[in-house]
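Dock the two chains into a complex; use the hints.
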Amino acid sequence: MEHRITIYCQTTALAQLRDFLRNTLTMPFLTENDKLQLILAVEEVCANLIIHSHDCNAKDHINLEVKEYPGKLIFEIKDQGKAFNLLDYEIPDLIKVKGEKRKGGLGIILVKKIMDEIEFESAKGTNTCRLIKWFQS
Amino acid sequence: MLNIKGLEENGYHILALEGEVDASNSVILDEAIQGLISEGSLAILIDGRELAYISSAGLGVFMSYLEDFQEKNIAFKIYGLTEKVYEVFKILGLHQLIEIFPDKQTAFSS
Numbered sequence: 000m001e002h003r004i005t006i007y008c009q010t011t012a013l014a015q016l017r018d019f020l021r022n023t024l025t026m027p028f029l030t031e032n033d034k035l036q037l038i039l040a041v042e043e044v045c046a047n048l049i050i051h052s053h054d055c056n057a058k059d060h061i062n063l064e065v066k067e068y069p070g071k072l073i074f075e076i077k078d079q080g081k082a083f084n085l086l087d088y089e090i091p092d093l094i095k096v097k098g099e100k101r102k103g104g105l106g107i108i109l110v111k112k113i114m115d116e117i118e119f120e121s122a123k124g125t126n127t128c129r130l131i132k133w134f135q136s
Numbered sequence: 000m001l002n003i004k005g006l007e008e009n010g011y012h013i014l015a016l017e018g019e020v021d022a023s024n025s026v027i028l029d030e031a032i033q034g035l036i037s038e039g040s041l042a043i044l045i046d047g048r049e050l051a052y053i054s055s056a057g058l059g060v061f062m063s064y065l066e067d068f069q070e071k072n073i074a075f076k077i078y079g080l081t082e083k084v085y086e087v088f089k090i091l092g093l094h095q096l097i098e099i100f101p102d103k104q105t106a107f108s109s
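Top line first, the protein sequences correspond to chains A and B. Going by numbering that gives the first Met the number 0, the first sequence opens with residue 0, and the numbers climb by one from there. Going by numbering that gives the first Met the number 0, the second sequence opens with residue 0, and the numbers climb by one from there.
Looking at chain B on its own, in the form it has when it is part of the complex (with noise of 0.2 Å):
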């Protein structure tokens, strides 16, 4: 069960993530990150406090942006991951190609 809600604070739009991404759900975290790019948006922030799990369909939809973000000049950061899901990053190494942050104010402030 995944929910996305979308708000805006301090320029960034931000997508704060509950619950578990998989490969029956991926699609919906893959279209709300599309739709933002659609939109125009400058810089993405995501709120993962609430995010149990994540699988690498939904870590997959990270990294087929990360060219789009750079090429198109979009701050892209993650924030507020629970130590298990960091670990996930780093088992990949995704934490080398996304900026992750421990809260929103770090983020909102690097």
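The shape of chain A in the complex, shown without the other chains (with noise of 0.2 Å):
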């Protein structure tokens, strides 16, 4: 099964980002905690497309699809803004961040715990940002 959507780069975008994905993830293998994070991770990502690659440019769209298979979820997302290659990033130290008094950076520390596998591509102006979580089923 699939399940895409398009969303428009505005923060106010992630809220109907999240009723999709809420809609998608009704497979018996997930728990609640499953979901949520899931949800989460997948949001952290578009966030950060929509902020740092589109500067919030209602115009540019972001496009998610979900594919399911035995064992794992694919969440691909395709953008055509500056590429932002979360595998580049760092894990921040949460001390540093709290000395620092920044408020960012912890959006990369969620997807890169929360996810199994991240991949990203760059092709034509189009980014793609896999994330990939496998399940016991």
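Worth flagging that the hints you see were computed from the coordinates, not collected in a lab. Any given hint could turn out to be false.
Said to hold, decoys possible - Chain A is faced by these chain B residues, among others (derived, beta-carbon under 7 Å):
#, residue
1, A22
2, S23
3, V26
4, A51
5, S54
6, K83
7, E86
8, I90
9, L91
In this text, a Cβ means the ideal position worked out from N, Cα and C, and glycines have one as well.
Structural data, given as structure tokens:
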């Protein structure tokens, strides 16, 4: 089964993204905690793209596709903005974030801790970020 | 959608969060906490019972004030988080940096 949504690059679209994911993540093997954490990880990537790659330009858009395979879920996020490769960012030290009174940087930690695999590719102006979560089914 | 209600009880300024905190509305939470600090509050309690969801934008707001709370001797506590939301704090390790309690009475007495 495949599920798709296109959202526009404004932070108010994040609620729409969560609604879509809540309606899509109905697989019986997912616990309520799993669902919330998957929604959170996908939202973190999309929020980063909206804010940092597209400067909240509502004319730009992001495509998300959720693909279900035996034992795994793949969240494929495509956009045409400035490439933002999560794999290039190291997980920041929490004590350092606190000391610097920073508000940012936590989203990447969440994505890397929640997801089992992260893939990124950029070709012909389109960036693809794939978030993969394995499950015992 | 996020609603924040402010009240005072037992010497604490309580911010009751209702709904979802994300990048579109975390500024409301930021302003509410900043407002209490500016007013000279020495004890801030977050009521998380009706907080259904919080992304890094909201968690980052809490993180960004932890140093200020220490420097200004402001007691900062959270109570009543649902299990799902508490798990998110745990994933980040925030439960080790912020005092989180199951209910209001325990938060008051600790």
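Ascending list of hint numbers which this structure does not respect: Hints 3 and 4 contradicted; others consistent.
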